[in-house]
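Number of protein chains: 2
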Amino acid sequence: MTQISHADLTDYEAEFEAPLELDPQAQDLLFREARTANTFTDEPVTDEQVKAIYHLVKWAPTSMNNQPLRIVLVRSDEARARLVSLMGDGNKAKTEAAPLVAILAADLDFHDELPKIFPHFPGARDLFAGNESAREESAKLNAALQIGYFTMGVRAAGLAAGPMTGLDAAAVDREFFPDGRHRTLVVMNIGKPGEDAWLQRLPRLGYDEVVATA
Amino acid sequence: MTQISHADLTDYEAEFEAPLELDPQAQDLLFREARTANTFTDEPVTDEQVKAIYHLVKWAPTSMNNQPLRIVLVRSDEARARLVSLMGDGNKAKTEAAPLVAILAADLDFHDELPKIFPHFPGARDLFAGNESAREESAKLNAALQIGYFTMGVRAAGLAAGPMTGLDAAAVDREFFPDGRHRTLVVMNIGKPGEDAWLQRLPRLGYDEVVATA
Chain Z
1 MTQISHADLT
11 DYEAEFEAPL
21 ELDPQAQDLL
31 FREARTANTF
41 TDEPVTDEQV
51 KAIYHLVKWA
61 PTSMNNQPLR
71 IVLVRSDEAR
81 ARLVSLMGDG
91 NKAKTEAAPL
101 VAILAADLDF
111 HDELPKIFPH
121 FPGARDLFAG
131 NESAREESAK
141 LNAALQIGYF
151 TMGVRAAGLA
161 AGPMTGLDAA
171 AVDREFFPDG
181 RHRTLVVMNI
191 GKPGEDAWLQ
201 RLPRLGYDEV
211 VATA
Chain B
1 MTQISHADLT
11 DYEAEFEAPL
21 ELDPQAQDLL
31 FREARTANTF
41 TDEPVTDEQV
51 KAIYHLVKWA
61 PTSMNNQPLR
71 IVLVRSDEAR
81 ARLVSLMGDG
91 NKAKTEAAPL
101 VAILAADLDF
111 HDELPKIFPH
121 FPGARDLFAG
131 NESAREESAK
141 LNAALQIGYF
151 TMGVRAAGLA
161 AGPMTGLDAA
171 AVDREFFPDG
181 RHRTLVVMNI
191 GKPGEDAWLQ
201 RLPRLGYDEV
211 VATA
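Top line first, the protein sequences correspond to chains Z and B.
Sequential numbering of the first sequence, starting at 1, is according to our numbering.
Sequential numbering of the second sequence, starting at 1, is according to our numbering.
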């Protein structure tokens with residue numbers, strides 16, 4: 001399967017590439033050559049690699065620095081089997097086979113950390129403690145931002161990410177977060193891409209379909 | 001204000017940097033030296049720069065390639081004034097002064113694009129058409145992932161991003177998306193950082209506070 005790399009850019013897109021400061025190889029690594037992988041090699045993904053990814057992406061911004069993303073690395077065969085059973089049919093085989101599977105969830109009780117991570121505003125915790133729905137909304141929004149950053153971090157590590165939302169998220173919550181205080185947003189397969197890892201690259205919306213001016 | 005750059009990494013973090021393929025300068029540009037800016041220079045942000053950012057980040061993944069993020073560049077003085085009036089008090093002055101302000105919203109009717117952007121599954125549109133709540137959930141989750149990617153794209157362009165959630169989002173929806181089919185998630189100031197652009201860097205959660213193993 002062909003990948004779109006720097007050399008393959010259309011003239012149209014290359015024209016707009018000029019203003020970017022990030023070097024073209026890094027652009028390829030993070031955005032253009034990187035693809036959602038559907039198969040992986042057997043090469044393991046180590047805790048050291050995940051630590052490197054975390055310590056890079058942790059710096060990216062969240063609302064009031066609230067950092068609600070929580071990650072469960074599904075390492076045991078038993079946990080993997082439980083998770084696979086809760087994935088959508090189209091996602092079971094690849095989730096079974098990936099070198100590493102991570103559950104990416106929002107912590108609804110992120111506000112308990114605010115006195116430590118947003119210390120200059122002592123009232124922050126209580127502000128959220130009294131408003132469960134605002135807390136859930138902020139947890140989900142910011143954890144999703146962090147999943148975007150994490151995806152870039154996985155790619156920065158030279159690995160392919162296979163993020164999935166086709167799963168029984170409520171059941172994953174019950175199985176993996178028995179405290180009832182987390183919301184699973186994405187399950188991500190991670191590893192080196194294997195044979196036939198890529199589906200055909202799907203079309204993206206045009207600039208004028210996405211960006212308007214007021 | 002000091003920034004944390006590659007050279008300043010603690011031994012602890014530098015130890016975990018080894019496995020990353022992305023070069024350290026790019027890591028700094030996107031994650032470590034990049035900071036949420038609170039002041040900007042007068043240098044304008046051009047449409048050409050925004051196009052370059054979009055054509056880079058459009059490749060990053062969304063569920064079923066649904067790409068629900070929509071962006072309004074607030075270019076006119078009149079629109080800027082309307083938006084500023086809907087920002088939280090702490091965000092008004094910087095939103096008034098930033099070279100470019102972008103409204104980042106989720107399109108609840110993204111499913112109308114699926115026949116074009118997810119063409120191999122002809123039933124995709126109808127699947128979502130019948131389930132408004134699933135559609136809103138997917139729109140918000142995936143638009144937030146895309147805001148994460150967009151933030152990285154702004155930084156890739158050598159610009160600073162100032163993402164904000166302190167605003168009257170429902171009122172911004174009414175003012176800027178009169179079709180009632182969009183949900184504003186983030187308003188982002190964009191430009192070259194100015195004098196005293198950075199607040200003190202806030203603490204990040206430790207690896208073991210975020211990542212668990214099952």
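Be aware that a few hints might be false.
Each pair may be met inside one copy or between any two copies, as identical chains are not told apart.
Under the rule of at most 16 Å between Cα atoms (straight-line distance), these lysine to aspartate or glutamate pairs were calculated in the EDC-like manner [claimed, not checked]:
| # | residue 1 | residue 2 |
| --- | --- | --- |
| 1 | Lys116 | Glu209 |
| 2 | Lys51 | Glu21 |
| 3 | Lys51 | Glu209 |
| 4 | Lys192 | Glu132 |
| 5 | Lys192 | Glu21 |
| 6 | Lys51 | Asp208 |
| 7 | Lys92 | Asp168 |
| 8 | Lys94 | Asp77 |
| 9 | Lys92 | Glu78 |
| 10 | Lys94 | Glu33 |
| 11 | Lys94 | Asp196 |
Hint data in this document are derived by calculation from the structure and do not stem from the laboratory.
Evaluated hints:
Taking identical chains as interchangeable, the C-alpha atoms of Lys116 and Glu209 lie at most 16 Å apart only when they sit on different chains, with a minimum of 12 Å there against 42 Å within one chain. Taking CA atoms no more than 16 Å apart as the test, Lys51 paired with Glu21 passes between copies only; the shortest distance there is 14 Å, against 27 Å inside one copy. Only between protomers do Lys51 and Glu209 lie at most 16 Å apart by alpha-carbon distance; the minimum there is 12 Å, versus 38 Å within a single protomer. In this assembly of identical chains, Lys192 and Glu132 lie within 16 Å of each other by CA distance neither inside one copy nor across copies; the values are 40 Å within and 37 Å between.
Taking the shortest alpha-carbon separations for Lys192 and Glu21, only the inter-copy value of 13 Å comes in at or below 16 Å, while the best intra-copy value is 27 Å. Taking the shortest Cα distances, Lys51 and Asp208 sit within 16 Å of each other only across copies (10 Å), while inside one copy they are farther apart (39 Å). Proximity of Lys92 to Asp168 under the C-alpha cut-off of 16 Å is restricted to the intra-copy arrangement: shortest distance 12 Å within a copy versus 41 Å between copies. Taking the shortest Cα distances, Lys94 and Asp77 sit within 16 Å of each other inside one copy (15 Å), while across copies they are farther apart (51 Å).
In this homomeric assembly, Lys92 and Glu78 come within 16 Å of each other (Cα to Cα) only inside a single copy, at 15 Å, whereas the closest approach across copies is 52 Å. For a Cα distance limit of 16 Å, the shortest separation of Lys94 from Glu33 qualifies neither inside one copy, at 20 Å, nor across copies, at 36 Å. Taking identical chains as interchangeable, the C-alpha atoms of Lys94 and Asp196 lie at most 16 Å apart only when both belong to the same chain, with a minimum of 12 Å there against 48 Å between chains.
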